[in-house]
Structure formats: structure tokens, C-alpha cells
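With the hints as a guide, bring both chains together as one complex.
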Amino acid sequence: MRARSAGRSLGAGGRRMADAVLFEFLHTEMVAELWAHDPDSGPGGQNMSLSVLEGMGFRVGQALGERLSRETLAYREELDILKFLCKDLWMAVFQKQMDSLRTNHQGTYVLQDNSFPLLIRMASGLQYLEEAPKFLAFTCGLLRGTLCTLGVKSLVTASVAALPACKFQVVIQKS
Amino acid sequence: MGYGIGTRLVEDFLARSCVGRCHSYSEITDIIAQVAFKMYLGITPSVTCNNSSRNEFSLILDKNPLVEFVEELPAGRSSLCYCNLLCGIIRGALEMVHLAADVTFLQDRLKGDSVTEIGITFLKKPEEKKYRRKK
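Residue numbers (the working numbering), protein chains in the order written: chain A, 164 to 338; chain B, 2 to 136.
By construction, these hints were calculated from the structure, which means they are not laboratory data. Yeah, the Cβ is synthetic: ideal placement off N, Cα and C, and Gly gets one too. Take these hints with a grain of salt, some might be off.
Residues of chain A clear of chain B, computed beta-carbon distances all greater than 12 Å [to be verified]: (1) V184; (2) T191; (3) K250; (4) H268; (5) T312.
In the BS3-like style, the derived pairs of lysine-lysine whose C-alpha atoms are separated by at most 30 Å in a straight line are [what the hints assert, rightly or not]: (6) K125(B) <-> K259(A); (7) K316(A) <-> K259(A); (8) K250(A) <-> K112(B); (9) K337(A) <-> K246(A); (10) K297(A) <-> K330(A); (11) K330(A) <-> K250(A); (12) K259(A) <-> K112(B); (13) K297(A) <-> K246(A).
Label pairs and their in silico Cβ distance ranges [said to hold, decoys possible]: (14) S263(A) <-> K125(B): 51 to 61 Å; (15) A324(A) <-> S54(B): 57 to 67 Å; (16) S18(B) <-> Q258(A): 13 to 23 Å; (17) C19(B) <-> K316(A): 42 to 52 Å; (18) Y291(A) <-> K112(B): 16 to 26 Å; (19) S18(B) <-> M254(A): 22 to 32 Å; (20) M285(A) <-> S47(B): 46 to 56 Å; (21) S79(B) <-> G218(A): 20 to 30 Å; (22) S115(B) <-> V215(A): 42 to 52 Å.
One chain only, chain B, in its complex shape (with noise of 0.2 Å):
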């Protein structure tokens, strides 16, 4: 579900904020959080970035609007990932503007853990690179 809301999030996105084109998987997280998140939920995840190689990147968040009135998962359903909305909403924007990305709850304060987590993984798509390069 959260990915059918993400794909179609991103225009009305990208016609609010008009940011540019970015240039870095690490920019496109910044923008995510500092913009992306601020406008619709009213907060801004700190961002960290997890690998060398620059395409692994933590949204931390230490609140979380859509667990406001939430204090603890259901009973039975402890394995529930309230949030996951939020991880399709990011990986169906970013499918849009052409970036394929693993997005996973990596910590999870209802789950007892101590912050939200959110990982964001880009992927790499080596032929359609080098089909444009062809072009």
C-alpha cells in the first residue's frame, strides 16, 4: 500500500518543494528527510550513512507522528511492522524518479528496540546505465 502512495506521492513532491536534480545517493537522503519528511509529517529524521561505498544510508527518527496514540503493538501481533507504510511510501517515490532501493525497518521502538530505524539501500542497475550510455 505504501508504495502505491508513494508513487504517486512524489509528484505532488516534486511539485511542492521544486528541488533540483540531485547529484549523490547521500543528497537524495538529506532531501528525503530534511524536506520530504518535514513537509508531510512534520519531522526530520537525522540521517546517517551506513557504507564505504556510499549507497547504504539510517533515517533515525525519535518521533514518529503515525505512532502517536500507539503505546505498545497488539497482542498476537508483536512481529507487526506498524510503520511499514513509510518504507513503501520511500521506495515507491524513489522507483518514480527512476532509483531502485531496498527500504526496511531496521529498528523499531515499538518493538522494544531504543529509535526508529529506517534503512535505505540504493541499488545499483548496471545495464540500464549502460544502455544510456549507449544512447
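Just chain A, with the same shape it has in the complex (with noise of 0.2 Å):
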């Protein structure tokens, strides 16, 4: 879990440091900034919204899926690949890991988090429900960005059936 109290995270040389909250305020400033042009739009505008913010997430999806993985990932089997992501990329992002991951062994998997960090936040149950898409369209992007770096094209998409629980899809696409 993910601890809140004072300055607990600790950066480079072990100085008390809180630059953890600093992704999630920049995250909910940039889906803020985005929505605050056109409150009124309609499906079409949203989805752009939505599009820039996951194009967003797969760029620096992109640049940490290279400076993550130091080893040789290419040549792991995709499940290592899978695994990477619930645990390193979900612990330097989020500091903390992916509660659950599931497969059905054909290309498709599932990545639960009981508590999203960008979700908390928010609220705790079904409130909100329908801005929750907002607020994982640059995590799926991250997810996709990352698994480009490590050779894997896919696609993410990503579902809330109660805040802050939520599922990112993970689907391999075959060239």
C-alpha cells in the first residue's frame, strides 16, 4: 500500500522526499485542462480528448519502457513482459504494484488495481463512475507505450465498475 505519511518516499541518497503526489496533481491538471475547452462537446470532442491524453501516456510509456528495463526483456516470454509491467512499471509510476493479473493464455490479459492511485482521490464506490474514463486514458496509453518499447504491440483499454477499483485490458496484436 502506498503510504501517505510525511515525506516517507525516499529519492536518490535517501533524502525525504515527496515528488510521488507531483505525477498525480500534473495528471489531474492535464485531464482538467484538457475538458475545460469544451465542457459542452459532444461525443466526438471527448474522444479526442481522450485520444491526446493516451497519445500522451504512450510517449512516456515509450521513454520509461527504455530506462526501465535495463536486462534484456526482449527476449523474456510476453507473461515477463506482462509481469514487468504490474511490477516495475506500476511500482515507478505508482509505488506500488498490480493487485491482481490474469490471462487467457491467448494474448489477452487482464491488470486489476483494487486502488488506482490516479482514482482514489476521487471517490470510493459508484459516484463519479462516468468521469472515470478521464482519468485512465493516459494509463493505458503507458501501458501501450511500454509495451511498444519492449517489442509488444497492443491494445489497452481500460474499465471502472466501482471507484478505485479498475482493469486495464491488455490485447496482443499479432503482426
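Laid out in C-alpha cells, this is it:
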């Protein structure tokens, strides 16, 4: 579980740093900024904003994929790569690991996070369910981008049944 | 966007740092540089005071984590103030503790200056002060 006590996360050199919250704050503003310009737009405008967020996440994921995977992940099995996402990527970005990973062994994986940090501050339960997709788009892109750097083409979607738990569905694209 | 972040970040900062009441603009600027910047970005900018009435200060950043992976501004975007987010954050945070300030970049390494310098000018609100005293 992510510790929220004062200055618990240690930055380089063992200093007490609070930089983990910076990404959360920035992400909230990104979503707010994109929606501020067209609050009443129809599905078309909303999809555009979701695409922009997903695209941003994708580029960040691509870069993170390079930085995080020093070992030769390219030679590993697909499942190992997904485990890397659940453990290393999630730990680097959200300071926690994914809660569960399931697969049908045919290229579809479901990653479940029971207390997703970007949703935790919003609500608990069914309130704001409609707003949840906005806060998941970036992360879907993040997963897709990291997979891309690791040589895996994928489609990533997210779903929320009740905040703050959410599921990311990764479908590997065979080229 | 920085302003929006700043208005929220200040609560997080006050909760984590437990700083007491500040008695001067210079004290506030020192806390921003030595506690807040250190806590969130891991750097400690140096502080200088720019005028005798002690309400204009500069933060000199010799290292800026936000531009760690940036060599130069993209073509056609040479006037982009890349880290303006930081100015908004400072401004938003100060406003939430009832301090109005202008915060801008005075120098920017990305634009060819030798250092990166953020200027904070605390604005006096005489009307509000009078109102408080009458109470």
C-alpha cells in the first residue's frame, strides 16, 4: 500500500522526498485542462481529448520502457513482460504493484488494480463513474507505450466497476 | 495549469513540512527554496533579494529536474517558457495562503541565458490590510 505519511518516499541519496504526488497533481491538471476547453462537446470532442491523453501516456510509456528495462527483456516471454508492467512499471509510476494479473493464454491479459492512485482521491464506489475514463486514458497509453518499446504491439482499454478499483485490458496484436 | 496544481500542492506541502508562521517575505522565499523545492524536486535554488523594500526575490536554479531530458526547445517554439508550470505553482500556492505575487522567469537556460532564474514579486494588498485592522 502506498504510504501517505509525511515524506516517506525516499529519493536518491535517501532524502525524504514527496515527489510521488507531483505526477498525480500534474495528471489531474492535464485532464482538467483538456476538458476545460470544451465542456459541452459531444462524443467526438471527448474522444479527441481521450486520444490526446492516451497519446501522451504512450510517449511517456515508450520513454519509461527504455529507462526501466535495463535487462534484456526483449528475449523474455510475453507473460514476463506483462509481469514487468505489473511490478516494475507500476512501482516506478504509482509506488505500488498491480493487484492481480489474469490471462486467457491467448494474448489477452486483464490487469486489476483495486486502489488505483489516480482514482483514489476522487470517490469510493459508484460516484463519478462516468468521469473515470478520463482519468484512465493516460495510463492506458502508458501501458501501450511501454509494451511498444519492449517490442509488443497491443491495444489497451480500461474499465471501472466501482472506484477506486479498475481493470486494464491488454490485447496483444499479432502482426 | 501550474496555478491549479499550486493551489492544491500547498496543502500537501503544509501537511508534510509543518512549517510555522512566516514573518517576512524573505522567510517565505527561503522556505520555498530550501524546503519546498527540496521536497518536491530535490534541488535547492539559491535566493537573492532584488530590491531594498524586500518584496522582490529571485530563485536561481543551477539544476532543474524538469529539463533533465531536454537539450533545446523545439524548432519554432523558441519563445516557449518550458517550465512556466513552476511559476504557476508558486503563484497558486502563495495565493492559497493569502499572498499575492507575480512569478515569472527572469532568465532561462533553455533560451541561452547562463542561469535559470525565477523572480517572485510579492504584491501588497493595502485594502485588505486595512480591513483586517479594523476588525
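Checked hints:
1. V184: Per Cβ check, V184(A) is inside 12 Å of chain B; nearest 6 Å; violated.
2. T191: Check fails; 8 Å does not lie beyond 12 Å.
3. K250: For K250(A), whose nearest Cβ neighbour in chain B is about 24 Å away, the distance exceeds 12 Å, so it holds.
4. H268: 38 Å, holds
5. T312: 15 Å, holds
6. K125(B) <-> K259(A): It is violated: about 45 Å lies between the C-alpha atoms, which goes past 30 Å.
7. K316(A) <-> K259(A): Holds. K316(A) to K259(A) sits at ~25 Å (cutoff 30 Å).
8. K250(A) <-> K112(B): 39 Å, violated
9. K337(A) <-> K246(A): Distance of about 19 Å is within 30 Å: holds.
10. K297(A) <-> K330(A): 14 Å, holds
11. K330(A) <-> K250(A): With a Cα-Cα distance of about 15 Å, the restraint between K330(A) and K250(A) holds, given a limit of 30 Å.
12. K259(A) <-> K112(B): Cα-Cα ~38 Å, so violated.
13. K297(A) <-> K246(A): Holds. K297(A) to K246(A) sits at ~25 Å (cutoff 30 Å).
14. S263(A) <-> K125(B): 51 to 61 Å: 56 Å, holds
15. A324(A) <-> S54(B): 57 to 67 Å: 59 Å, holds
16. S18(B) <-> Q258(A): 13 to 23 Å: With a Cβ separation near 20 Å, S18(B) and Q258(A) satisfy 13 to 23 Å, so the hint holds.
17. C19(B) <-> K316(A): 42 to 52 Å: Distance hint for C19(B), K316(A) holds at roughly 49 Å.
18. Y291(A) <-> K112(B): 16 to 26 Å: Violated, at about 41 Å.
19. S18(B) <-> M254(A): 22 to 32 Å: 26 Å, holds
20. M285(A) <-> S47(B): 46 to 56 Å: 39 Å, violated
21. S79(B) <-> G218(A): 20 to 30 Å: 24 Å, holds
22. S115(B) <-> V215(A): 42 to 52 Å: 36 Å, violated
The structure fails to meet hints 1, 2, 6, 8, 12, 18, 20, 22 from the earlier list, while all remaining hints are met.
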